[in-house]
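Undergrad: Here is what each chain is made of, one letter per residue.
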Amino acid sequence: MDFNYTQEQQLLKDSVEKFLDKNYSFQTRREVIAARQGMSPQVWEGFASLGLLGLPIPPEYDGFGGGAVDTMIVMEALGRNLVVEPYLSTVVLGASAIVLGGTEAQRRVLLPSIVDGSMKLAFAHGEPRSRHSLSQVETTAWQEGGFWVINGRKSVVLHGAVADLLIVSARTSGEGSDPHGISLFFVNPSEPGVSGRDYPIYDGMRAVEAEFSDVHVNTDSLIGVLDQAYPLIELVVDRGIAALCAEAVGCMGALNAATLEYLKTRQQFGVPIGRFQVLQHRMVDMLIHYEQAKSMACLAAVKVDAADAVERRRAVSAAKELIGRTGRFIGQQAIQLHGGMGMTDELNVGHYFKRLTAIDTTFGDSDHHLSRFAAAVEATKDAVPSPLKSRWKHLV
Amino acid sequence: MDLNYTSEEQAFREEVRAFVRSSLPPEIARKVLEHKRLTKEDHVRWQKILFERGWIAPGWPVEYGGTGWNAVQKHIFDEVCAEAGAPPVIAFGVNMVGPVIIAFGSASQKQHYLPRILSSEDWWCQGYSEPGAGSDLASLKTRAERRGEHYIVNGQKTWNTLGQYADMIFCLVRTSSTGKKQEGISFLLIDMRSPGVTVRPIITLEGEHEVNEVWFENVEVPAENLVGEEGRGWTYAKFLLSHERSGIAGVSRSKRELRFLKYIAAQEQKDGRPLLQDPRFLDKIARLEIDLMALEITDLRVASAEREGRAPGPEASILKIKGTEIQQALTELMMEAVGPYALPFLPEAWGEHWLGERVGPEYAGPLAARYFNCRKVTIYGGSNEIQRNIIAQQILGL
Chain A
1 MDFNYTQEQQ LLKDSVEKFL DKNYSFQTRR EVIAARQGMS PQVWEGFASL GLLGLPIPPE
61 YDGFGGGAVD TMIVMEALGR NLVVEPYLST VVLGASAIVL GGTEAQRRVL LPSIVDGSMK
121 LAFAHGEPRS RHSLSQVETT AWQEGGFWVI NGRKSVVLHG AVADLLIVSA RTSGEGSDPH
181 GISLFFVNPS EPGVSGRDYP IYDGMRAVEA EFSDVHVNTD SLIGVLDQAY PLIELVVDRG
241 IAALCAEAVG CMGALNAATL EYLKTRQQFG VPIGRFQVLQ HRMVDMLIHY EQAKSMACLA
301 AVKVDAADAV ERRRAVSAAK ELIGRTGRFI GQQAIQLHGG MGMTDELNVG HYFKRLTAID
361 TTFGDSDHHL SRFAAAVEAT KDAVPSPLKS RWKHLV
Chain B
397 MDLNYTSEEQ AFREEVRAFV RSSLPPEIAR KVLEHKRLTK EDHVRWQKIL FERGWIAPGW
457 PVEYGGTGWN AVQKHIFDEV CAEAGAPPVI AFGVNMVGPV IIAFGSASQK QHYLPRILSS
517 EDWWCQGYSE PGAGSDLASL KTRAERRGEH YIVNGQKTWN TLGQYADMIF CLVRTSSTGK
577 KQEGISFLLI DMRSPGVTVR PIITLEGEHE VNEVWFENVE VPAENLVGEE GRGWTYAKFL
637 LSHERSGIAG VSRSKRELRF LKYIAAQEQK DGRPLLQDPR FLDKIARLEI DLMALEITDL
697 RVASAEREGR APGPEASILK IKGTEIQQAL TELMMEAVGP YALPFLPEAW GEHWLGERVG
757 PEYAGPLAAR YFNCRKVTIY GGSNEIQRNI IAQQILGL
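Protein chains in written order, with the numbering used here: chain A, 1 to 396; chain B, 397 to 794.
Among the clues, some could well be false.
[Stated by the list, open to error] Here are the simulated DMTMM-like cross-link-like pairs (lysine to aspartate or glutamate), alpha carbons at most 20 Å apart as the crow flies: (1) Lys651(B) x Asp382(A); (2) Lys506(B) x Glu411(B); (3) Lys470(B) x Asp2(A); (4) Lys680(B) x Glu378(A); (5) Lys381(A) x Glu430(B); (6) Lys658(B) x Asp365(A); (7) Lys651(B) x Asp367(A); (8) Lys470(B) x Glu732(B); (9) Lys13(A) x Glu664(B); (10) Lys658(B) x Asp382(A); (11) Lys680(B) x Asp2(A); (12) Lys381(A) x Glu758(B); (13) Lys576(B) x Glu526(B); (14) Lys381(A) x Glu479(B); (15) Lys666(B) x Glu625(B); (16) Lys436(B) x Glu609(B); (17) Lys427(B) x Glu459(B); (18) Lys427(B) x Asp382(A); (19) Lys506(B) x Asp563(B); (20) Lys537(B) x Asp382(A); (21) Lys436(B) x Asp563(B); (22) Lys432(B) x Glu604(B); (23) Lys651(B) x Asp667(B); (24) Lys381(A) x Glu664(B); (25) Lys666(B) x Glu378(A); (26) Lys651(B) x Glu311(A); (27) Lys470(B) x Glu411(B); (28) Lys658(B) x Asp2(A); (29) Lys432(B) x Asp2(A).
No wet-lab data here; the hints were simulated from the structure.
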């Protein structure tokens with residue numbers, strides 16, 4: 001039992017925070033969002049030179065071989081500074097899919113270019129009718145000559161427009177929401193037949209509605225085993241969720257700090273408003289929600305790579321459910337306690353709130369994950385814990 | 397970061413498990429697990445077993461009979477005991493007055509009282525609250541006047557838990573009415589058999605006798621029963637509160653209760669299938685389980701910080717608030733789970749040797765009473781609103 005960061009992890013945390021404080025002010029973020037691309041090539045280069053882009057990639061592919069706790073540290077810092085760069089899409093989702101499912105040749109070619117910043121990825125899985133289901137895939141891929149031919153539509157693909165390569169799921173057999181029969185492919189967005197509408201989302205990031213009509217990709221574009229990509233997709237998305245939980249904790253911590261500061265400085269009725277008990281208790285509840293959220297982000301990070309998939313699902317879904325709830329509470333209350341100022345675009349408070357709102361609905365909201373968690377709730381079979389049972393017989 | 401127990405911690409857990417398995421009397425465990433009434437003898441019997449093993453006072457310094465365990469080991473011990481249905485150790489002696497005597501008591505107080513606390517020879521109770529001094533405890537009025545070698549005590553204490561069994565009571569009394577109200581308070585140890593002490597039961601809403609009023613009419617208390625200095629009682633009381641914190645979140649007990657809730661929900665039927673499969677009820681269980689998972693990690697984060705020597709602080713208030721909310725929610729769901737069979741009220745069936753006819757499933761009988769009784773947990777030990785004041789002041793600086 002140990003909740004401490006290693007010396008290297010502490011160093012990582014310090015250096016990311018320092019970099020962001022220097023290079024990612026709220027004003028800089030505004031400029032990044034206003035630019036057409038919706039990301040900053042300079043910051044991406046900075047991430048590369050800090051080693052952040054190779055964090056979860058094994059050293060033999062030029063990465064740093066970090067684990068989920070390292071990702072948690074980085075994501076929390078990204079949340080704290082409301083970073084809109086495609087880190088989740090490229091490094092958490094994209095690189096994970098390649099590391100966990102790619103062939104040796106794919107890894108050799110692709111991973112080093114993620115590490116050096118020259119390749120960005122997007123994870124094109126959700127569809128207009130899939131909502132939060134991971135197995136509802138209607139996009140199809142069939143084999144024709146030496147190619148796979150992909151047809152279908154992917155919705156709200158985060159950072160799709162800046163991606164150099166898309167990871168696309170498609171049904172290669174079965175139908176509807178059958179987990180069997182789903183495969184993953186690399187698709188170059190400049191391929192004929194790929195089109196997309198790029199649009200802003202309310203938290204300052206961008207996404208794409210992507211269309212694939214008779215897109216031909218080479219047979220070596222298949223990632224992992226044909227028809228059997230579902231467990232890989234689930235694991236990649238679980239890693240994404242664990243990372244999002246950490247990002248949300250970063251947002252919540254920043255909101256609580258801003259709100260506390262406001263309570264201490266804003267004067268009404270001749271005193272700082274933090275002197276009023278009704279506001280003190282609200283702030284305390286925000287703190288309690290934050291501590292619970294932080295605990296669950298830790299749990300998700302520690303369990304997301306557990307060998308036991310049931311244990312992993314339980315922890316990740318429990319974390320996402322609680323993060324959704326606590327993020328909503330903290331976001332709403334931060335605005336409430338900031339009063340009219342909380343309603344402005346000028347203050348960062350509303351921007352944190354919007355990011356937290358977006359995180360709840362990304363990869364399954366609280367309700368979705370409550371169901372996924374509840375599916376693993378098991379009945380207690382005996383009234384008496386098993387170690388005692390034998391000694392109870394004479395009593396019954 | 398590693399949330400798994402180390403191999404040493406696992407070995408320790410096995411050691412505790414082996415002890416509990418062989419030493420916890422099954423008839424006591426059964427009462428705890430099924431929410432039956434425990435007698436004084438049940439409590440004392442288990443506490444003596446712990447005493448003989450040397451594990452009755454994990455929070456005490458080793459030279460006074462403590463175990464020398466770190467915070468994580470204490471957590472493991474609590475967890476194993478709770479899981480098996482061991483009764484909680486009555487806190488007033490071991491966890492409350494004991495540490496105060498160790499820190500501030502005289503040599504003869506230590507010599508006399510500490511061994512008797514460890515061996516459960518004395519049953520202690522607490523004299524803090526008064527009819528006019530609840531959350532505003534420092535406004536207490538029970539007077540102790542020094543006359544020669546004695547204090548003469550007059551006044552009334554209330555919400556005194558299990559004082560009907562007690563040999564001794566530790567009291568906050570007023571020894572001075574001048575100056576700041578906190579500075580006129582002293583910490584006095586009083587023999588419950590002293591002439592002038594009267595214990596009157598208060599029956600709580602579930603019909604049980606758990607708390608009392610205690611009256612003091614010209615009670616003579618030897619001056620040597622004063623702990624520390626006169627007028628410093630408030631400081632000692634605050635010290636005591638900081639030592640009441642071990643297991644304050646009640647995570648281990650709540651895990652046991654959650655397990656039982658799932659047992660009940662698997663037995664009860666709704667629309668021809670187990671209640672546990674009803675999505676509406678299952679959602680409530682699942683959400684509560686998630687809150688408890690988070691609280692367990694939060695509790696361990698605090699324990700782990702404590703193990704590394706960071707002083708335990710006001711974050712105990714966070715554990716108290718969240719822990720008691722979860723405890724209440726569990727009793728509520730258990731009662732809800734048994735539906736109409738929560739209604740029959742047969743308190744005589746919750747004790748020992750009941751051979752009469754039951755109504756409804758055996759597990760259903762005590763559940764409503766537990767729900768009613770458990771409303772106390774967000775009130776006692778500093779109400780959750782007072783805990784929020786503490787956090788606001790001491791953590792947030794408001």
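Undergrad: For each hint given before, does the structure comply? Return the numbers of the non-compliant ones in rising order.
TA: Structure breaks hints 2, 6, 7, 8, 9, 11, 15, 17, 20, 23, 28 and 29.
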